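There are 4 protein chains.
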Amino acid sequence: MTGSRFGNLFSVTTFGESHGPALGAIVDGCPPGLPLDVSDLQGDLDRRRPGQSRYTSQRHEADRVEILSGVFEGVTTGTPIGLLITNTDARPGDYREIAEVLRPGHGDYPYLMKYGRRDFRGGGRASARETAMRVAAGAIARKYLALHMGIEIVGWLDGIGSLRYAGMPPRVRPDNDFFAPDARWLAPIAELIETLRREGDSVGARVGVIAYGVPAGWGDPVFDKLDATLAHALMSIGAVKAVEIGDGIEVAFQRGSEHRDAMTPLGFVTNHAGGILAGISTGQAIRVYLAFKPTSSIRLPIATVGSDGKPRELEVKGRHDPCVGIRGVPIAEAMMALTLMDHALRQRGQNGEVIPPMRPIPGTREQE
Amino acid sequence: MTGSRFGNLFSVTTFGESHGPALGAIVDGCPPGLPLDVSDLQGDLDRRRPGQSRYTSQRHEADRVEILSGVFEGVTTGTPIGLLITNTDARPGDYREIAEVLRPGHGDYPYLMKYGRRDFRGGGRASARETAMRVAAGAIARKYLALHMGIEIVGWLDGIGSLRYAGMPPRVRPDNDFFAPDARWLAPIAELIETLRREGDSVGARVGVIAYGVPAGWGDPVFDKLDATLAHALMSIGAVKAVEIGDGIEVAFQRGSEHRDAMTPLGFVTNHAGGILAGISTGQAIRVYLAFKPTSSIRLPIATVGSDGKPRELEVKGRHDPCVGIRGVPIAEAMMALTLMDHALRQRGQNGEVIPPMRPIPGTREQE
Amino acid sequence: MTGSRFGNLFSVTTFGESHGPALGAIVDGCPPGLPLDVSDLQGDLDRRRPGQSRYTSQRHEADRVEILSGVFEGVTTGTPIGLLITNTDARPGDYREIAEVLRPGHGDYPYLMKYGRRDFRGGGRASARETAMRVAAGAIARKYLALHMGIEIVGWLDGIGSLRYAGMPPRVRPDNDFFAPDARWLAPIAELIETLRREGDSVGARVGVIAYGVPAGWGDPVFDKLDATLAHALMSIGAVKAVEIGDGIEVAFQRGSEHRDAMTPLGFVTNHAGGILAGISTGQAIRVYLAFKPTSSIRLPIATVGSDGKPRELEVKGRHDPCVGIRGVPIAEAMMALTLMDHALRQRGQNGEVIPPMRPIPGTREQE
Amino acid sequence: MTGSRFGNLFSVTTFGESHGPALGAIVDGCPPGLPLDVSDLQGDLDRRRPGQSRYTSQRHEADRVEILSGVFEGVTTGTPIGLLITNTDARPGDYREIAEVLRPGHGDYPYLMKYGRRDFRGGGRASARETAMRVAAGAIARKYLALHMGIEIVGWLDGIGSLRYAGMPPRVRPDNDFFAPDARWLAPIAELIETLRREGDSVGARVGVIAYGVPAGWGDPVFDKLDATLAHALMSIGAVKAVEIGDGIEVAFQRGSEHRDAMTPLGFVTNHAGGILAGISTGQAIRVYLAFKPTSSIRLPIATVGSDGKPRELEVKGRHDPCVGIRGVPIAEAMMALTLMDHALRQRGQNGEVIPPMRPIPGTREQE
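Residue numbers (numbering that gives the first Met the number 0), protein chains in the order written: chain A, 0 to 367; chain B, 0 to 367; chain C, 0 to 367; chain D, 0 to 367.
The shape of chain A in the complex, shown without the other chains (with noise of 0.2 Å):
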């Protein structure tokens, strides 16, 4: 299996760089009868787009997606879904200067080890730019989900700088320019970016992400657990360092009987299993956690090498995001749709003719 494709069932595949002439994916499994046009697309990837918000990448890029095939009459086909983004910002020549350093904290050097060779305008395939196909593909999953299924996802800016959510998971997606989930967060937020641009500095930050009206019953026993499936999918994001599903790492700490879940037939009394049992979902909501890295690609001057294998200083000026984590929030989504519409797919596939013996126990309010 080659590196650049996703899923079983419902399969994206992808390929493009920063700064060639396009970017495209192949959606490969998608039902038949999906209405479907570029707006279902677009919305996502304005979201994700840099350059929209005076807080993220100064690149201008219009993200006009295309749909090439598979929707005939207005509505998907169920062959392959080919999509389009040409990049219009493209500035190859900018980056001769990186032509010759290897950036750290960026694929440059491993890249270089494992081909023998990169593109380094502006990090070619490794660049955030690859995640604008994720976004478009799991826009034709979201749809999908939310009106075959009635799943909604929504994701959050959960913790930034100082800032950590306590509350409850959003219902809605937030929206603001940092999809956080607290109007009184705007206000820090803009500043400590504001700093960071100031300082030649960065931050990372933490990710939530909810999916509601999953059913009970998807995801395989052992290798393909739907959290498993799940960490693959969220920790191929570039930039991300951890995945936590439920309550995540504190589960190291908590007792037994602090952690599982008690049920009664009028409903599960708490979630801190976050909707997956044994790696498969328990029909409560679908919480998981990412954590973001820092920009490596900052204006503070670093301790490098270069393509020749000699010491150098880098001091990075092209355009940046002082925090990638925020704009991961729609790719997050994206990844969560491309991943549970996967997992519907197969459990139609294998057990499209079960009847469970027992009816449904609800989910906590938290999915209400």
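Where hints are given, some of them may not hold.
[Claimed, not checked] So the derived label-pair ranges between C-beta atoms look like this:
(1) D/GLU314 / C/SER38: 53 to 61 Å
(2) B/ILE354 / A/SER38: 46 to 54 Å
(3) C/GLU99 / B/THR87: 35 to 43 Å
(4) D/ARG63 / A/GLY166: 21 to 29 Å
(5) D/PRO356 / B/MET148: 21 to 29 Å
[Claimed, not checked] Covered by chain B, per the in silico footprint, the following chain C stretches (three or more residues, Cβ under 8 Å):
(6) 8-16
(7) 221-231
For the record, the hints were derived by calculation from the structure and aren't laboratory data. These numbers come from a predicted model, not from an experiment. Note that beta-carbon positions come from the ideal geometry of N, C-alpha and C, so glycine has one too.
For chain A, the structure is supplied; the task is to place chains B, C and D on it using the hints.
Structure of chains B, C and D alone, referenced to chain A:
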């Protein structure tokens, strides 16, 4: 792709339930010429085995593995290696009491909703017993990686109860009942386990795994990043709720100037990244952490639901571990080995002819 | 993807050498709730078994299969089904003579060049013995397809020596030693086999397989066409050198006006296509043919090369079939069943909600 | 696994309909460092292109391919190669007449039953136009195989109408409109095509493909035999109804003494096997044959059914080939290249360290 398989070029497929007649695995894709006999697998199996120390489950399984194919005249032939462990202490009768009650924190309920039925004998396929085959298969990968590439994989108990490990990752596998990296932990852990047994409770654990000697260049960009596939592998272990790479969740609150690892021709200065950048190994030690939840089957009573949908109260009396995370150490090592082995072959497949244009940058002292 | 696995949603992975301790398989993805015990598998295994009649190999294997997992209280649970057959008549010593000579027409030489070594005991992994596990796994698929979808799969000997079958495909599996569709063939085939034994020679065979009751709509466009995956499945049987769908090689010399099958609301008029158009089932019977080459291990001497690269002459004295194609009938049925089963689940996964806008067009009388 | 992808380590995923805006492909897993530009692909695309000679379809497509990623400074980088061909002669309007009638011999009816709808414009995804992307991707594989391994792939028209080729397989690709291996065929074929056009009929074709220079040892035992994956690849080409390896269907009626290829240290004596034994290449030339059915869309009228299930009569007036098999030659070459390329990387992945214990046995003169 069905869920009982892991790996692409070096794959393991498993079967078996906790109280069925046997567990088995097929390891496919192993390079030929590797000297192999059961003793290579038995050591790791013994490390994982319950009932081995008084601190873990009371089930007594010899876990004697047989190699049924793929080895001829003492070396692997390149064809699939069939592995079998016959269950000798299966007591399906013991589980009649849980036949009609759904244990909170276990797969009972989601399995029932997924498949419409469940093998209730000791958790069936969802039992930790399934991990024996991961460990047996992992031992083959581990041996190849050690012999052919000089890679060593070391796991340790990184945190339990109030203990947190703050030292350097160990260089060799801790040789004590708890895989504790510090001999001073032994008495407090023993005491904690005794207390939990008495109280009928359990506790989670944090586990660390490090791989020394992995060359730069392993891992695929985008969806099959080395960290993404590691997260998949590690999160697929039952009871794991979080996976961290390098500084893990801490990165969310670091500054870029603090996180990124400077490089000089003499070596990397730090290893916050945990040996992976942009999804590809850097040649530094690969360091990951797992959070295991506490055992859900404990003596303390809890509200739950029967298979008939009626309310019940459950008090588990069977044999169980007060801390499944301890046995998680060899399992996590095995999954690390399987993941690295697959990437080793993938790298050779695509890039076997590549000659990197510069000398490797040495890792930090952590890996010396 | 490693080579010992077949299928995506319903997969079978096998291991085992001709003269090793055992053969095994893992069948993953089977829908739950299917009544299953060893008797369901044993019938097909007995059909395939060498030594059963005086006309095939002289090896005496009981081929008793054990089900080690995935079945509970008499029905499948949805988790992987472990299968095992212990070799009872393995005689590795018999093969010392061929340890040092490379048998023409066998895998000896290419295995040696591929892996640098080979298990020479009876062909090792390349032995026809491997097919026992195909048949065991196929019997599970066959039972599901019959019970849930009314599909019947029938194989027959379509040609051998100077005999060519010209009748309609049989409706039920021929119940004779040669799977001959015509009782008048029995004496001539027995005579041919006797002659070949006496002369120390062998003969090829043409085998037909038909599947009745497959609904329209199975198969994926482009690379995973139903006929493409069938060709993969059938050509993977040792000794098969050609696969034909419907009119097969004859189509190369037909006119369009002759080949294409007219349709009326009352039914298809002909079935030159063999039940597949554009890679997707039409609802007509699926009809395929396989050409088995003659056994290469015969008593007549032949020039060859030793493992030392020196010239040799070989006269095989061991036990062998004068016509492996006869036993190919149940194996081909099994591969048809495995292929259809996988497509059945794939179709339900992607298109489980589809309601076709017109009534199915009945097939030709061939399938009534 | 979704159906629009072929290959494991070297994979191609495609999208696109006959009369949609564009066709595209993603080639993933290509080794880095291969010099590549569009001219490497255009030659093969031109060979496949309809409208090129007066003997094929009248559609006029330039088939200009763009490389959108994966190539930097003139060589491949190891990351996915995005390919795009914009349709310039799409005339969706032409197909209104077949919007309501199901063409016999085409995918119209099975697509409708599978997906509940169909893109009726020129066959949509089921059109032969899809093969352009196979040819483009195949050209990349072909170039790598030629440059790095000295492998040459040659296809030819082996039979059409009353013509049967009886000579040695050609050493170079026939450079004429019909890919005929014998110049004396040109006039009779031209005449046949003219006759068919006049009569409104069509004819099938037999195509041969040979690969020179493939080393011994490629292919996986059991399910992913080299011949099994070749059969998959070749049978996935639209209109192909039979695939033969080496002596193909003839083997069913050969004797063992006649079929098996003797070996001497100086070389194989014959190549009945077609270069593959037990699923693994022998180092002899790999020789396969395909049977293409005659075009179903012809002017001669035929009974069929409308989308409304009512009886119709169809007389196709649109642009079509009287013999699709001719254009099948470059497509078959491409699928051979893609299959070999994947096995080349798989072999290096698992067995890259193997040193065979004897010198290769040369092939027969056929490959000199």
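Going down the list of hints, with the structure as the test:
Look at D/GLU314 against C/SER38: about 56 Å separates their beta carbons, and that is inside 53 to 61 Å. Between B/ILE354 and A/SER38 the beta carbon distance is about 49 Å. The supplied range of 46 to 54 Å therefore holds. Restraint check, C/GLU99 to B/THR87: a C-beta distance of roughly 42 Å satisfies the suggested window 35 to 43 Å. Between D/ARG63 and A/GLY166 the beta carbons are some 55 Å apart, a value that contradicts the proposed interval 21 to 29 Å.
Judged by the Cβ atoms, the range 21 to 29 Å given for D/PRO356 and B/MET148 holds: they are separated by roughly 24 Å. Residues of the segment 8-16 of chain C with a Cβ under 8 Å from some Cβ of chain B number 8, which satisfies the need for three, so the listed coverage holds. Coverage of the segment 221-231 of chain C by chain B is violated in this model, with 0 residues showing a Cβ closer than 8 Å to a Cβ of that chain against a need of three.
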